[in-house]
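**Student:** Top to bottom, those sequences are chains C and F.
Per this note's numbering: the first sequence = residues 1 to 90.
Per this note's numbering: the second sequence = residues 1001 to 1311.
These aren't lab readings, by the way, just hints derived from the structure by calculation.
As the structure is a prediction and not an experimental result, all values here were calculated from the model.
Fair warning: there could be bad hints in the mix.
As the list claims (entries may be wrong) - What the simulated footprint calls covered on chain C by chain F, stretch by stretch (three residues with Cβ under 8 Å from a Cβ of chain F suffice, anywhere in the stretch; the number is not a length):
id : region
1  : 15–23
2  : 29–42
3  : 62–69
4  : 80–88
Claimed, not checked - These stretches of chain F come out as covered by chain C in the derived footprint (C-beta under 8 Å, 3 or more residues):
id : region
5  : 1097–1106
6  : 1294–1303
Said to hold, decoys possible - Derived, one-sided and incomplete: chain F residues facing chain C with beta-carbon distance under 8 Å:
id : residue
7  : 1046
8  : 1061
9  : 1160
10 : 1164
11 : 1211
Note that the Cβ used here is the ideal one computed from N, Cα and C, for glycine as well.
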Amino acid sequence: MSLVHWYLLIAAALWGIGCYGLIRGPELLRRIIALNLMGAAVFLVMVTLAARTEPADGVLHALVLTGLVVAVSATAFALALVARTLSEQA
Amino acid sequence: MSGDFWFDALLGVLLLVLALATIQARQLAAAVMLYVVFGLMLALAWARLGAADLALAEAAIGAGLTGALLFSALARQPKSITPPVRAGKMAPLAALMLCISMGTVLGWTLWQLPLQPAHSQLPAALEQLGSSGTEHLVTAVLLNFRAWDTLLELLVLLLALLGTRLVAAPEPAALQHWPLARQWSIRLLPLLVLVAFFVLWRGATAPGGAFQAGALLAAALVVLRLNGQLPMLSFGAWWVRALILAGVLAFLLAGLLSLWLNWQPEQAVQWLSWPLPLAKGLILLIELCATLAIGLTLTLLVVGERKELTA
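Bound-form chain C, shown alone (with noise of 0.2 Å):
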């Protein structure tokens, strides 16, 4: 087996993990923490689909760095959410 089919088991184990926290995750907060599980090992995937050639592809990684950026702040403003919706609970 080689090293990009390991991280692709690796990825799909991964983002099945944090399926499972996303519907079973009690508190809305560890939701959002599975999702971005998800998300990672999505960018795992592109990042191991870039390892693929030599040099690795630095077009994917492009892509993933926006991608990271993106998701961190989609995941501030879930967070905000979450606190409006604890406070208006309160």
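Given the coordinates of chain C, assemble chain F onto it according to the supplied hints.
**Tutor:** Relative to chain C, chain F alone:
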């Protein structure tokens, strides 16, 4: 079996274990900590896969700033000992089966992918590298070939900040600041600023660039703000708003300038394609403005609008 093989095998298993522990940890604080550790291990995996840029960015943004975001969200969680209402309607077994089957299908699909990419943008991108104004491919893609992506990404960041400010309820900050932490944050600041600008400058030739530098800058500012220092750094200050807008503005102005310089009658105009002699300067200017904007935006996203402390 070589040492490399065992390293990757262990790292992969460690990633899965950390992810599982994050999902299953009984306490939310433990889950957040495990997630930060997971992010660092993921950065290590990306470094193994030849993505040094991304390893830097993941360590700073993915693990560091997301961790800080989650921790400050954790502080707002109600301190209830009773287990929270389980909102998930699905039985655990059904959810488990669903996720295992979906994960298996995903893994099987990925396994089918060819080891040689059928067609790649890489040769074309490498060919164009000489006329991009930078020597590092990732920077060239981000700020020249696919500059649209980066412009819109900066807009997404801005949008996230505005959205957060719209929904966030003002909160009292009643933290006691540890004197040692206050001293530390002051000592760390020059070092982090120096490293941030080094990473920014290195981005032209080697892994590094605006996003990593912005994240480092944000880390320095977040530490300061969480310790109740630098009270003038808030969204109310006009210069903070100006700097937050600087990234997008520099991008647009550079676009307009190159549109004007590239203008030739009876030729299709291209938005965001830099004229060759100016390319390096324009890219550097945009990166500098973007670094400041990203740093401040991320800081305000993490710190939010706390009531000022009388320190």
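**Student:** Do three or more residues from the region 1294–1303 of chain F put their C-beta atoms closer than 8 Å to C-beta atoms of chain C?
**Tutor:** With 4 residues closer than 8 Å to chain C, the region 1294–1303 of chain F meets the three-residue bar; holds.
**Student:** Mind taking a look at whether chain F covers the region 15–23 of chain C? Criterion is 3 or more residues with CB to CB distance under 8 Å.
**Tutor:** holds (count 8)
**Student:** Is the interface hint for residue 1046 of chain F satisfied, with its Cβ closer than 8 Å to some Cβ of chain C?
**Tutor:** 5 Å, holds
**Student:** Using C-beta distances, would you say chain C covers the region 1097–1106 of chain F, given that this needs three or more residues below 8 Å?
**Tutor:** holds (count 7)
**Student:** Would you settle whether the hint for residue 1160 of chain F is holds or violated, based on the nearest Cβ-Cβ distance to chain C being less than 8 Å?
**Tutor:** Cβ of residue 1160 of chain F sits 3 Å from chain C, so the hint holds.
**Student:** Counting residues of the region 29–42 of chain C with a beta carbon closer than 8 Å to any beta carbon of chain F, are there 3 or more?
**Tutor:** holds (count 8)
**Student:** For the region 80–88 of chain C, does the count of residues with a C-beta closer than 8 Å to a C-beta of chain F reach 3?
**Tutor:** holds (count 7)
**Student:** Take the shortest C-beta to C-beta distance between residue 1164 of chain F and chain C; is it under 8 Å?
**Tutor:** Holds, about 4 Å.
**Student:** Using C-beta distances, would you say chain F covers the region 62–69 of chain C, given that this needs three or more residues below 8 Å?
**Tutor:** holds (count 7)
**Student:** Regarding the hint that residue 1211 of chain F lies at the interface with chain C, is the smallest CB-CB distance below 8 Å?
**Tutor:** 6 Å, holds
**Student:** Report holds or violated for the interface hint on residue 1061 of chain F, using the least CB-CB distance to chain C and a cut-off of 8 Å.
**Tutor:** With a closest approach of 5 Å, the residue 1061 of chain F hint holds.
Against the hints set out earlier in the document, no violation occurs for any number.
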